[in-house]
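Enquirer: Sequence:
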Amino acid sequence: MDQVFVSCCPHDCPDSCPMLVRKYENDTIRLEGNPQFSLIGGGWICKKGKRWEYRVRSPKRLTSPLMKDGSSWREISWEKAISLWALRIHDALSNEGPLSNFIYQSAGSLFYSKKLFKKVFVELGGYTEPKGSLCGSAGGAGLKRAFGFTPVYKPENLKYAKGILLWGRNVVETHPHILPILRNFKASEGVEIGALEIRRTSTTDFADKWWRIRPGSDGVLALLLCKTLLERSDGWPYWRKRAKNVESFENALARLDRQNLLARTGLDESSFESIYSWLMVHRPIAIYAGYGPQRYESGAETFHLLVALSLLLGAFDLKGSGVVFGKNEDWMFPMELIGSPAMQRRVPVGDWVLNISGYRPKIKTALFTCCNPAKQAPGIEKFKRAMAEIPFKVCLDIEMSETAQLCDLVLPAACFLEEGPDWLGSWWHGYLLRSEKALDPPGQALPETTIFTLLAQELGLNIDLEEARNKMDQLLKNSPLVKQVSKGIYALKEQDSWCENNRVEILLPDDFPMTLRDSHNFESLRFISVHSSQFINGQTFGVENPDIPEVFVSDKEAAKRSINDGDLIILSGRGITLKGICRIDKTMDSGYCIMVQGHPWVNELTEPKVSPGYGVPFHESFVDLNKL
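Take 1 as the starting number for the sequence shown in my numbering and just add one per residue.
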């Protein structure tokens, strides 16, 4: 007889979709949207989530522990694998102390149980880990500068806006479950959709109106809009009552040259006035900000300025106004289950690979879980060199990733359908989702909680992370901050910082050094990598890598180089060369080229850097492009 379990998609995606797992007698499964999830009209799953139906039993799954043996791999027992790992950790502790153990965890799975493993390293005295993220750290830091905390904007409150400005947010490609909501608001509430982008996309086609701006000028445009609102006395009458540092902010804006700002945005006067008029007509405005605009060194400043702009447009008084970005999806995770380390060293995620030789104490062991930085981090060749300096490296994964290939020990982990109970939050909506175990893992693969419990026991620690998982389950089910809506779906008691908080005061910026600094070397092209609807970040399972990647440029840049559409080209940067196929995009401006991220070659061309807020400014990389 068929069985049905509740679960949710593990991907690092704002939609965080609840799903039903229909298990058949032959252990095959079908994934369906949970019809009880009312936010998106009954629930449905995109193709990225549906791929788990066959990924879960893919022949690429790891099924036994593997130890590096020269240039090949040798299967070993769990007993030997855990013993070897524990021995290396013990040696590192004895010789260098707890900070010599490096743990690198990212967003390969957003399930809460993936955080429990830190309990082992807390009990060992501490650890080293990256600070920031490859994704939204800079934007989040800018919002936090303004608020003093990470603000929340509930998607349900978009219905109060008259205008939704998709500022660099390609929702059709990367946020599909917002689309029925936006369509409904357009039809029933008369909401108009605008978009700011660096080229035409499926989202600009979806919008009622769109404007093209120059890459990296988002903060400059926000400054110009703020300056114009003040000069024309068009700011919301009561905006100063919600603000701190008002005089310094106004003086800083007054010192800026309007024509210089306009020129740097790539907009002509008519286009700027079109944006400005649209904002005036469609207040209250929800600025739905994307992740691309914060992948510059000015990213944190840009988002601080977006808050200032929103305030001038009537935020807090006009319900529906605000900046929509992301929030802390982990705020409900019970931190008491892992505790606080006695010692902790945090190294910037964007450039730790450049500094590894100088770290004291030295890094002796490294653990990689829920991540694939050998594909996703900037400067892949620098990452490989850093890995070569770490004596012993362990990777937990469900498949042999690019990072796993660089490690000494690779351990087969269960996927989310093969473990539970587990929980997952969202950095978009206000629900906490519960997942049940539907299948057994293949071969000798184990849940991470089991793997780390075995490691703890080998290290002489009295830790049972399966027990901790079950305790987490009870804590969350019984939390006064959740209310069960249906099986597996819990509404959070969460306050909207923009629409439901009358006590917020915004700290306004008065210095914009990164925004006003022009880092573009016009002899080269700014290298922009964009997300795809086909896969999440580096998880390209089911999508074949093209033999030769496509590189998009404007017709002007192509003409400069006598390049036609379809010609083979060479991209050069940082001593790396890459062959590509030229694709001419007449909706692009000069000065940049675009590639789809997620494929293994993209981050060969990006520069390991850190932006304020410990973000990674991927778009501060530059390349030369020439005909092959």
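Hints listed in this document are in silico derivations from the structure and should not be mistaken for laboratory results.
Since the structure is predicted, the reported quantities are computational estimates derived from the model, not experimental observations.
Glycine is no exception: its CB is placed at the ideal position from the N, C-alpha and C atoms.
There may be inaccurate statements among the hints.
List of simulated lysine-lysine pairs, BS3-like, C-alpha gap at most 27 Å [stated by the list, open to error]:
hint, residue 1, residue 2
1, 384, 47
2, 154, 556
3, 162, 144
4, 154, 209
5, 487, 209
6, 118, 68
7, 556, 60
8, 483, 115
9, 115, 159
10, 68, 579
11, 60, 50
12, 118, 556
Computed spacing ranges between beta-carbons, pair by pair [said to hold, decoys possible]:
hint, residue 1, residue 2, range
13, 545, 28, 20 to 30 Å
14, 190, 559, 18 to 28 Å
15, 190, 495, 51 to 61 Å
16, 405, 280, 30 to 40 Å
17, 259, 559, 23 to 33 Å
18, 405, 274, 42 to 52 Å
19, 471, 533, 49 to 59 Å
20, 626, 587, 17 to 27 Å
21, 523, 479, 22 to 32 Å
22, 589, 481, 41 to 51 Å
23, 190, 471, 31 to 41 Å
24, 331, 159, 43 to 53 Å
25, 587, 233, 30 to 40 Å
Enquirer: Hint by hint, note whether the structure agrees.
Expert: Hint-by-hint comparison with the structure:
1. For the hint pairing residue 384 with residue 47, the CA-to-CA distance comes to about 32 Å; that exceeds 27 Å, so the pair is violated.
2. Distance restraint check for residue 154 and residue 556: the Cα-Cα separation of roughly 42 Å exceeds the 27 Å cut-off, and the hinted pair is therefore not satisfied.
3. Simply put, residue 162 and residue 144 have alpha-carbon atoms about 26 Å apart, close enough for the 27 Å limit, and the pair holds.
4. Proximity of residue 154 to residue 209 is assessed by CA-CA distance (about 24 Å); at most 27 Å being required, the pair is judged to hold.
5. With a C-alpha separation of about 41 Å, the suggested pairing of residue 487 with residue 209 is violated against the 27 Å cut-off.
6. Proximity of residue 118 to residue 68 is assessed by CA-CA distance (about 25 Å); at most 27 Å being required, the pair is judged to hold.
7. Taking the CA atoms of residue 556 and residue 60, the gap is about 44 Å. The hint is violated against a cut of 27 Å.
8. Taken as a hint, the residue 483 and residue 115 pair is honoured in the structure, with Cα atoms around 23 Å apart against an allowance of 27 Å.
9. This hinted pair does not check out: residue 115 and residue 159 have alpha carbons roughly 35 Å apart, beyond 27 Å.
10. This hinted pair does not check out: residue 68 and residue 579 have alpha carbons roughly 32 Å apart, beyond 27 Å.
11. With a C-alpha separation of about 17 Å, the suggested pair residue 60 and residue 50 falls inside the 27 Å cut-off, and the hint holds.
12. Our distance criterion of 27 Å between C-alpha atoms is broken by residue 118 and residue 556, whose separation comes to about 52 Å.
13. In this structure the hint that residue 545 and residue 28 lie 20 to 30 Å apart at CB holds, the actual value being about 27 Å.
14. Between residue 190 and residue 559 the Cβ separation comes to about 43 Å, which falls outside the hinted range of 18 to 28 Å.
15. Taking the beta carbon of each, residue 190 and residue 495 are about 27 Å apart, not inside 51 to 61 Å as hinted.
16. Remark: the range hint 30 to 40 Å for residue 405 to residue 280 is contradicted by a beta-carbon distance near 55 Å.
17. At about 28 Å, the CB distance of residue 259 to residue 559 agrees with the hint of 23 to 33 Å.
18. Distance hint for residue 405 and residue 274: a CB-CB separation of about 51 Å, consistent with the stated range 42 to 52 Å.
19. Residue 471 and residue 533 have their C-beta atoms about 38 Å apart, which leaves the hinted 49 to 59 Å range violated.
20. Separated by about 23 Å at the C-beta atoms, residue 626 and residue 587 satisfy the suggested range of 17 to 27 Å.
21. Remark: the range hint 22 to 32 Å for residue 523 to residue 479 is contradicted by a beta-carbon distance near 57 Å.
22. In this structure, residue 589 and residue 481 meet the distance hint of 41 to 51 Å, their C-beta atoms being roughly 47 Å apart.
23. Checking the proposed 31 to 41 Å range against residue 190 and residue 471 shows it is violated: the Cβ atoms sit about 49 Å from each other.
24. Against the hinted window of 43 to 53 Å, the Cβ-Cβ separation of residue 331 and residue 159 comes to about 25 Å, which falls outside the hint.
25. Range check, residue 587 to residue 233: about 35 Å between beta-carbon atoms, so the 30 to 40 Å window is met.
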